[in-house]
Amino acid sequence: MMNCINRQTFKQKIKSYRHQPLSLLLFIAVCASALITAGVVIFLIGYILYHGLPNLTLPGLFAWDFNAENQSMTPAIINTVIMILLTLLLAVPVGVFAAIYLVEYSKRGNKLVKVIRITAETLSGIPSIVYGLFGYIVFVITLGWSFTLLSGVITMAIMILPLIMRTTEEALMAVPDSFREGSFGLGAGKLRTVFRIVLPSAVPGILSGVILAIGRIVGESAALIFTSGTNPVAAKSLFSSASTLSVHLYTLLSEGRYTDQAYAVAVVLLVVVILINALSAAVAKRLTNK
Amino acid sequence: MSKFSEKAMKLVFMLSATASIFAVIVICFFLFEQGFPAMAEIGVLDFLTGTVWKPLEGQFGIFPMIVGSIYVTAGAIILGVPVGLLCAVFMAKFCPPGLYRIMKPAVDLLAGIPSIVYGFFALMVIVPVVQTLTGTSGKGILTASVMLAIMILPTIVSVSEAAIRAVPESYYEGSLALGATHERSVFFATLPAAKSGIMAGVVLGVGRAIGETMAVSMVAGNQPVLPDSILSGVRTMTANVIIEMGYAEGLHREALIATAVVLFVFILIINISFSLLKRGNK
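Protein chains in written order, with the working numbering: chain A, 1 to 290; chain B, 1001 to 1282.
So here's chain A without its partners, still in its complex pose (with noise of 0.2 Å):
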């Protein structure tokens, strides 16, 4: 649609850079940056795919039990699960809670909400090996916990912290106004309105942070190895230590034998990626269709 009204042809086009090296040279550069962006991404996809899908089939490799024979990964997968939801457990209510704090009852300029964004967005900036430290220094030294799955479920809670407050944030100030004064109206209280009211119309725009906020969980290594540890078995408590797929992968990569099984690991990962990514999109979609 750019600039339909003069739409120039090929023919002419070519007649103007010959006037305008300049413009050829911009034109070249923009097309070349893309297509080393494109070639990146299809290359890298491609390079773990080409290697890791013929991997998938070594033997017992989704063994339902870990030994040091097969490096099975369905213990680290089953862990990745129950990590993405005791975290989603502690964070996402805590996450909504503080938009719906933000969007629906507090004042402007309100002093408390302008602390609570500077924090919110300190949270997000923070690099995730700090986050491990944290982890490392208060549940595993100062409580003595050692490592935990809740001592990372934990830590990951606060990471996604932001994410879940700001997608929420935004969803709830998308829902018009029209929506709550109808809602008063009727005679119902603030309370009501809010659940009833404004959060079932935000959920599309809450689901695709929460996703957005699985996808950086699965993703999650450095602020695991010392918070849950790098113990391949299947949690069998809350304190038991437990790595996710992530971390099962940076395990095999220092162990430095078990390219074979990196590669397959990887090639999980990058399918549970694409999956989420495809997800968070369509849900994205239906939030704009409306």
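The hints are simulated quantities; they were obtained by calculation from the structure and are not laboratory data.
We put the CB at the ideal spot given by N, CA and C, even for glycine.
Warning: the hint list may mix true and false statements.
[What the hints assert, rightly or not] With a straight-line cut-off of 25 Å between C-alpha atoms, the simulated BS3-like cross-links for lysine-lysine are:
#	chain 1	residue 1	chain 2	residue 2
1	A	Lys107	B	Lys1003
2	B	Lys1093	A	Lys11
3	B	Lys1093	A	Lys13
[Stated by the list, open to error] Label pairs and their in silico Cβ distance ranges:
#	chain 1	residue 1	chain 2	residue 2	range
4	B	Val1125	A	Ser254	14 to 20 Å
5	A	Trp64	B	Val1026	36 to 42 Å
6	A	Glu170	B	Lys1104	14 to 20 Å
Following the hints, complete the assembly by docking chain B onto the known chain A.
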């Protein structure tokens, strides 16, 4: 619903909202409480400017790590920003809608790939290439910079694209009407107007690059010495923590936490400049 539950839930909402404040305070408290005594014991100046890191002999100088972090980040910015910015221009102003529907998810996908997978990819692909081209071990500033450039690409592209799209179309149209070509109009009318948004994207990219841990520790070489060329191995502050935390005890452990404190301060400075830039955009 009763007045009481209205009041109670409002309190619950408010308490949830203060969770982020609480989290920042707790994180700062534990990091500083463990990091500052170590810094004081080693001597702040000796810690920050010392060039020898030999924890077993009681020498804790993290200057090589600070330099290492800055070098790999600068390399990533030099390589990643031009490509990312031009790619953003392509996506905002040159891309046919059909291609955009493929390009956009592809760039988003790049942002979602776990850093450990990037590290693995760099170890398998970039390291051997650098190895054969230069005859070194292949792990060093150059390799880490190329990998980090790829990792920050999606950040640069999406933030710059949003900034370019936010510039009023009239700027571009006015330039066209004065006889400039499409390219000139985009680069000399639209881009300057999007400057602060693009800068915010670059700062965000710097934050990602300096905080990156797993991938960098796999390909940077990790020697805790001052690098003398872009091919020599370096250790970043993040890598220092992840490599030695597993077995560190006593003052050594506190020195690692102090390293994280220095990193934290770097990130805070970056965050502040990011929000200042964002404010300037409005």
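Item checked: Earlier hints that do not hold, by number -> Of the numbered hints, all hold.
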